[in-house]
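Residue-level listing of the chains:
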Amino acid sequence: DTGVSQDPRHKITKRGQNVTFRCDPISEHNRLYWYRQTLGQGPEFLTYFQNEAQLEKSRLLSDRFSAERPKGSFSTLEIQRTEQGDSAMYLCASSLRVQGNEQYFGPGTRLTVT
Amino acid sequence: AQSVTQPDIHITVSEGASLELRCNYSYGATPYLFWYVQSPGQGLQLLLKYFSGDTLVQGIKGFEAEFKRSQSSFNLRKPSVHWSDAAEYFCAASGAGSYQLTFGKGTKLSVIP
Numbered sequence: 001d002t003g004v005s006q007d008p009r010h011k012i013t014k015r016g017q018n019v020t021f022r023c024d025p026i027s028e029h030n031r032l033y034w035y036r037q038t039l040g041q042g043p044e045f046l047t048y049f050q051n052e053a054q055l056e057k058s059r060l061l062s063d064r065f066s067a068e069r070p071k072g073s074f075s076t077l078e079i080q081r082t083e084q085g086d087s088a089m090y091l092c093a094s095s096l097r098v099q100g101n102e103q104y105f106g107p108g109t110r111l112t113v114t
Numbered sequence: 001a002q003s004v005t006q007p008d009i010h011i012t013v014s015e016g017a018s019l020e021l022r023c024n025y026s027y028g029a030t031p032y033l034f035w036y037v038q039s040p041g042q043g044l045q046l047l048l049k050y051f052s053g054d055t056l057v058q059g060i061k062g063f064e065a066e067f068k069r070s071q072s073s074f075n076l077r078k079p080s081v082h083w084s085d086a087a088e089y090f091c092a093a094s095g096a097g098s099y100q101l102t103f104g105k106g107t108k109l110s111v112i113p
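One line per chain: the protein sequences are A and B, in this order. Counting in the working numbering, the first sequence runs from 1 upward without gaps. Counting in the working numbering, the second sequence runs from 1 upward without gaps.
Any given hint could turn out to be false.
Quick list of in silico lysine to any residue cross-link-like pairs, SDA-like style, CA-CA up to 20 Å [as the list claims (entries may be wrong)]:
#: 1; chain 1: B; residue 1: Lys49; chain 2: A; residue 2: Gly3
#: 2; chain 1: B; residue 1: Lys105; chain 2: A; residue 2: Gly85
#: 3; chain 1: A; residue 1: Lys71; chain 2: A; residue 2: Gly85
#: 4; chain 1: B; residue 1: Lys105; chain 2: A; residue 2: Ser87
#: 5; chain 1: B; residue 1: Lys49; chain 2: B; residue 2: Gln2
#: 6; chain 1: B; residue 1: Lys105; chain 2: A; residue 2: Pro107
What follows is a set of in silico ranges between Cβ atoms, one per label pair, in the way DEER data are often shown [unchecked claim]:
#: 7; chain 1: A; residue 1: Glu78; chain 2: B; residue 2: Glu20; range: 37 to 45 Å
#: 8; chain 1: B; residue 1: Ser80; chain 2: A; residue 2: Arg81; range: 48 to 56 Å
#: 9; chain 1: A; residue 1: Lys57; chain 2: B; residue 2: Pro113; range: 41 to 49 Å
Quick caveat, the hints were computed from the structure, so don't treat them as lab data. No experiment lies behind these values; they were computed from the predicted model shown. Note that CB positions come from ideal geometry on N, CA and C, so glycine has one too.
With the hints as constraints, model all of the structure from the sequences given.
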């Protein structure tokens, strides 16, 4: 069990540029989640996949955001036309479809938009 | 609306002292409850969880938490804090049959040597 991995760990971009983050979940986990965490706050739910199907999106996920999980394994989160307000830590988590749905988090990708 | 509240933003304790971090939830039914710890610049590590049954649950690193339905609380405790426990602690909840976690705003723990 190698845990959830995320790449890159840090990303600095200029306003208006597109960025893409990758998440590799724990191998046997069929559920994958994206959260966003801003300074001084707890993580906030963005979206959720069960296998390759995106089953829920938060209203926090504007049209500039898109997430995919093409083969039910890794996932990508793309932000188009980044804004300074997008600066945050983007966290990925995965879980098994069992009681309690305990989620295991990756180290996160810290995005800074200048 | 479903919510999780951590009333204490920052707590400072001396090494070796006991610790209690507070968490209250507001859900229609008893949710699944979790405590996570986050070190600076890192992701979240699951400390412990409560689904049902025994209201006192044990976790990793010597932590425990007690579920009190009457108080809608799930407080985290440790009898003797170590300097390495300094971090931010998040309480989270998930409704039965739900898939997303709702987090509190976190409590930052500082440990004085």
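Against the structure, the hints come out as follows:
no., hint, verdict
1, B:Lys49 - A:Gly3, "holds, 18 Å"
2, B:Lys105 - A:Gly85, "holds, 19 Å"
3, A:Lys71 - A:Gly85, "violated, 31 Å"
4, B:Lys105 - A:Ser87, "holds, 18 Å"
5, B:Lys49 - B:Gln2, "holds, 18 Å"
6, B:Lys105 - A:Pro107, "holds, 18 Å"
7, A:Glu78 - B:Glu20: 37 to 45 Å, "holds, 42 Å"
8, B:Ser80 - A:Arg81: 48 to 56 Å, "holds, 51 Å"
9, A:Lys57 - B:Pro113: 41 to 49 Å, "holds, 46 Å"
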